[in-house]
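Chemist: Each chain is listed here by its residues.
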Amino acid sequence: MITFFVVNGILLVISLLLLLAERFLVTYGECSITLNGDKTFSMLGGDNLLNYLNQHKIFIPSACGGKATCGFCKLKVLSGGGDILPTEEVYIDKKEREEGLRLACQVKVKKDVEIYIPEYLLGAEEFEADVSHITYLTHDIKIVHLAILNKTINFKPGQYIQFKIPGTDEYRAYSVASSPSDKSTLELLIRLVPGGLCSAYVHKVLMKGDRVVFTGPFGDFYLREESENDIIAIGGGCGMAPIRSILYFLREKGMPRRVFYFFGARTKKDLFFTKELRELEAKFANFKYIPALSEPEPGDKWEGEVGFVTQIAEKYIGDKRPKEAYLCGPPPMIDAAMKVLTREGVKPENIFYDKF
Amino acid sequence: MELHPFVIFIAAIFTHNIALSYLLGMCPLLAMSRHSNTAQGMGIAVIFVMTLTAVINWLLYHFILIPTGSQIMAYLVFIIVIASVVQLLEMIIEKFFPRLQSSFGIFLPLITVNCTILAISLFMVLRTYSFWQTVFFAFGSGIGWAVAITIIAAIREKLRMIGDVPNGLKGAGITMVIAGILSLAFMGFSGMVSVQ
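Going line by line, the protein sequences match chains A and B. Take the first sequence: its letters are residues 1 to 356, numbered as in our numbering. Take the second sequence: its letters are residues 1001 to 1196, numbered as in our numbering.
No wet-lab data here; the hints were simulated from the structure. Treat the hints with care, as some may be off.
In silico SDA-like links for lysine to any residue, alpha-carbon gap of 20 Å or less [to be verified]: (1) B:Lys1095 - A:Lys315; (2) A:Lys67 - B:Thr1112; (3) B:Lys1095 - A:Lys39; (4) B:Lys1095 - A:Asp47; (5) A:Lys67 - B:His1035; (6) A:Lys108 - B:Glu1157; (7) A:Lys110 - B:Gln1101; (8) A:Lys94 - B:Met1161; (9) B:Lys1170 - A:Lys110; (10) A:Lys39 - A:Glu22; (11) A:Lys315 - A:Pro298; (12) A:Lys67 - B:Met1091; (13) A:Lys110 - B:Leu1100; (14) A:Lys108 - B:Lys1170; (15) A:Lys108 - A:Asn51; (16) A:Lys110 - B:Pro1109; (17) B:Lys1095 - A:Glu22; (18) A:Lys67 - B:Gln1087; (19) B:Lys1170 - B:Ala1154; (20) A:Lys108 - B:Leu1110; (21) A:Lys108 - B:Ala1154; (22) B:Lys1170 - A:Tyr91; (23) A:Lys111 - B:His1035; (24) A:Lys95 - B:His1035; (25) A:Lys111 - B:Phe1096; (26) B:Lys1095 - A:Gly46; (27) B:Lys1095 - A:Ile84; (28) A:Lys94 - B:Gly1069; (29) A:Lys94 - B:Phe1097; (30) A:Lys67 - B:Ala1083; (31) A:Lys67 - A:Glu170; (32) A:Lys110 - B:Met1161; (33) A:Lys108 - B:Met1161.
Construct all of the structure, not just a fragment, from the sequences and the given hints.
Modeler: Structure below.
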């Protein structure tokens, strides 16, 4: 009995101490954040920049929920951010440091802060949506249709959104797979990644009718609309998503440019949207879809290209027409594709990629 | 035999290093040893918190828990004391020593649930250390842990510059190997002093 009181007494004293400390020690008074020199928000200081920006409906990319483990929430802090912290140094190189880049989640607002966020990130908003349809495309990829509530979204073909994992502060980035002309629904392709938090959620828990939250659009991987170059698109797995959005966009414009789409997969069961892409191919002479299997199984009866997708691509793109490349897939695939493309004379500034 | 606090101090650093001979605190040892400056910050924070919490826990244990016969709750009390001391410390440092904040304050939250800190409090009970023995034991263990993480970080930095670590071993894998070899190296000290 006495133990009970003693332990509770100790706990009580500790809680009181903590409460007192919080009351008297953690006060920073009124602080303000000035954004790009024109907008100013004021708030009681003490929290980090990322949270304040989110509270004021400015959504910059961030995946880890403020733990300094993803390194996405970089922005320029012009004044008032204090010194760079060791937790940030891992993500911010020397050049970025000189420019004043910081991780927003690590900058604690204790006085007036001035920041700069590039215009293209300010377009991001927070959306609520209902899952209108969710189904398997392959054995490990699901397509999720989201019906956005009360709003519309404007994005460029190829950009991504950040999907909030319900019940956590974490976000995961997924490219939009649907056409930008459809502003009230989105389609996402989500692969089941072993050990992945969000992909497991989407595959095992998420159901039709569920309400989800996402922010976006983000990203500088999008179709350069003003250009007239031929397009080489190389992708694998979920890398289909942004390319599909680009193809849909071009389809609506009547496929004005020549497009080669190389899609890499291991076996036939990893291929999807084949019928849809073949139809597109039949409709437009300008568009060519070339799937390549790296390890076709005997049962696949595969008659198409066999090999690593970048080697296959090299066979097709020998001509000297000006080209532009959109790459979306795992890092080794992108690195290999970059080598092939530069060897074939595609200018580095015309190669756009999205590694995941 | 009553051990002199200084013997315990030396033992805690070399012969009974908390990281390298008990393999405690592996999680921050792996995670924070990527760069030597973060490793040092973490090391200093561990030294500080370890000493402070061991002192507080010793006093609580001997002046409150033992007289009331509540030793059975020691685990709970120790954990909560550690967590709240770290919290308090963080607030105090932020308020009064903003310069320290960036060098080691940010590591404090990482220590809140660190097993090494709790281990020190539990060891001092198990080994029935006196007050001064506890102080030197905790301080020495902190220094021992800081030494271990600093060495590992230095080796990892050097490895990154000149080494060619196989893909499968990158990150935690090679760090474990380094820790293992260091642990063997520290066994060389074992004849120096003995505390058990």
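Chemist: With reference to the structure, classify each hint as holding or not holding.
Modeler: Hint check:
1. Between Lys1095 (chain B) and Lys315 (chain A) the alpha-carbon distance is near 65 Å, which puts this suggested pair outside the 20 Å criterion.
2. Restraint check for Lys67 (chain A) and Thr1112 (chain B): the C-alpha separation of about 15 Å stays at or below 20 Å, so the hint holds.
3. Simply put, Lys1095 (chain B) and Lys39 (chain A) have alpha-carbon atoms about 29 Å apart, too far for the 20 Å limit, and the pair is violated.
4. Restraint check for Lys1095 (chain B) and Asp47 (chain A): satisfied, since their Cα atoms lie roughly 14 Å apart, inside the 20 Å limit.
5. With a C-alpha separation of about 18 Å, the suggested pairing of Lys67 (chain A) with His1035 (chain B) holds against the 20 Å cut-off.
6. A C-alpha spacing of about 29 Å is found between Lys108 (chain A) and Glu1157 (chain B), which places the hinted pair above 20 Å, so the restraint is violated.
7. Distance check on the hinted pair: Lys110 (chain A) and Gln1101 (chain B) sit about 13 Å apart at the alpha-carbon level, within 20 Å; holds.
8. Distance restraint check for Lys94 (chain A) and Met1161 (chain B): the Cα-Cα separation of roughly 17 Å lies within the 20 Å cut-off, and the hinted pair is therefore satisfied.
9. Distance check on the hinted pair: Lys1170 (chain B) and Lys110 (chain A) sit about 38 Å apart at the alpha-carbon level, beyond 20 Å; violated.
10. For the given pair, Lys39 (chain A) sits about 31 Å from Glu22 (chain A) by alpha-carbon distance, which is inconsistent with the 20 Å threshold.
11. At most 20 Å may separate the alpha-carbon atoms for a hinted pair to count; Lys315 (chain A) and Pro298 (chain A) exceed this at roughly 24 Å.
12. For the proposed pair Lys67 (chain A) and Met1091 (chain B), the alpha carbon gap of about 19 Å is at most 20 Å, so the pair holds.
13. Taking the CA atoms of Lys110 (chain A) and Leu1100 (chain B), the gap is near 15 Å; set against the 20 Å cutoff, the hint holds.
14. Between Lys108 (chain A) and Lys1170 (chain B) the CA atoms are separated by roughly 33 Å; this puts the pair beyond 20 Å, and the hint is violated.
15. The straight-line distance between the Cα atoms of Lys108 (chain A) and Asn51 (chain A) is roughly 10 Å, inside the 20 Å bound, and the hint therefore holds.
16. A threshold of 20 Å between alpha carbons decides the hint, and for Lys110 (chain A) with Pro1109 (chain B) the separation of about 19 Å falls inside it, so the pair holds.
17. With a C-alpha separation of about 11 Å, the suggested pairing of Lys1095 (chain B) with Glu22 (chain A) holds against the 20 Å cut-off.
18. A threshold of 20 Å between alpha carbons decides the hint, and for Lys67 (chain A) with Gln1087 (chain B) the separation of about 17 Å falls inside it, so the pair holds.
19. Distance hint between Lys1170 (chain B) and Ala1154 (chain B) is fulfilled; the C-alpha atoms sit about 16 Å from each other, no more than 20 Å.
20. Between Lys108 (chain A) and Leu1110 (chain B), the direct Cα distance comes to roughly 17 Å. Compliance with the 20 Å bound is thereby established for this hinted pair.
21. For the suggested pair Lys108 (chain A) and Ala1154 (chain B), the alpha carbons sit about 29 Å apart, so the restraint of at most 20 Å is broken.
22. Note on Lys1170 (chain B) and Tyr91 (chain A): the hinted pairing holds, with a Cα-Cα distance of about 18 Å set against a maximum of 20 Å.
23. Under the criterion of a C-alpha separation no larger than 20 Å, the hint pairing Lys111 (chain A) with His1035 (chain B) is inconsistent with the structure, at around 30 Å.
24. Pair hint Lys95 (chain A) plus His1035 (chain B) holds up; C-alpha atoms about 18 Å apart against a cutoff of 20 Å.
25. At roughly 15 Å between alpha-carbon atoms, Lys111 (chain A) and Phe1096 (chain B) fall within 20 Å of each other, so this suggested pair holds.
26. Among the hinted pairs, Lys1095 (chain B) with Gly46 (chain A) is consistent with the structure: their alpha-carbon atoms are about 11 Å apart, no more than 20 Å.
27. Distance check on the hinted pair: Lys1095 (chain B) and Ile84 (chain A) sit about 18 Å apart at the alpha-carbon level, within 20 Å; holds.
28. Annotation: proposed proximity of Lys94 (chain A) to Gly1069 (chain B) is violated, straight-line Cα distance about 58 Å (limit 20 Å).
29. For the suggested pair Lys94 (chain A) and Phe1097 (chain B), the alpha carbons sit about 27 Å apart, so the restraint of at most 20 Å is broken.
30. Restraint check for Lys67 (chain A) and Ala1083 (chain B): the C-alpha separation of about 19 Å stays at or below 20 Å, so the hint holds.
31. Proposed proximity of Lys67 (chain A) and Glu170 (chain A) is supported: the alpha carbons are some 10 Å apart, at most 20 Å.
32. Between the alpha carbons of Lys110 (chain A) and Met1161 (chain B) the distance comes to roughly 38 Å, so the proposed pair goes past 20 Å and is violated.
33. For the hint linking Lys108 (chain A) to Met1161 (chain B), the alpha-carbon distance of about 33 Å lies beyond 20 Å, and the restraint is violated.
Hints 1, 3, 6, 9, 10, 11, 14, 21, 23, 28, 29, 32 and 33, counting from the list given before, are not met by this structure.
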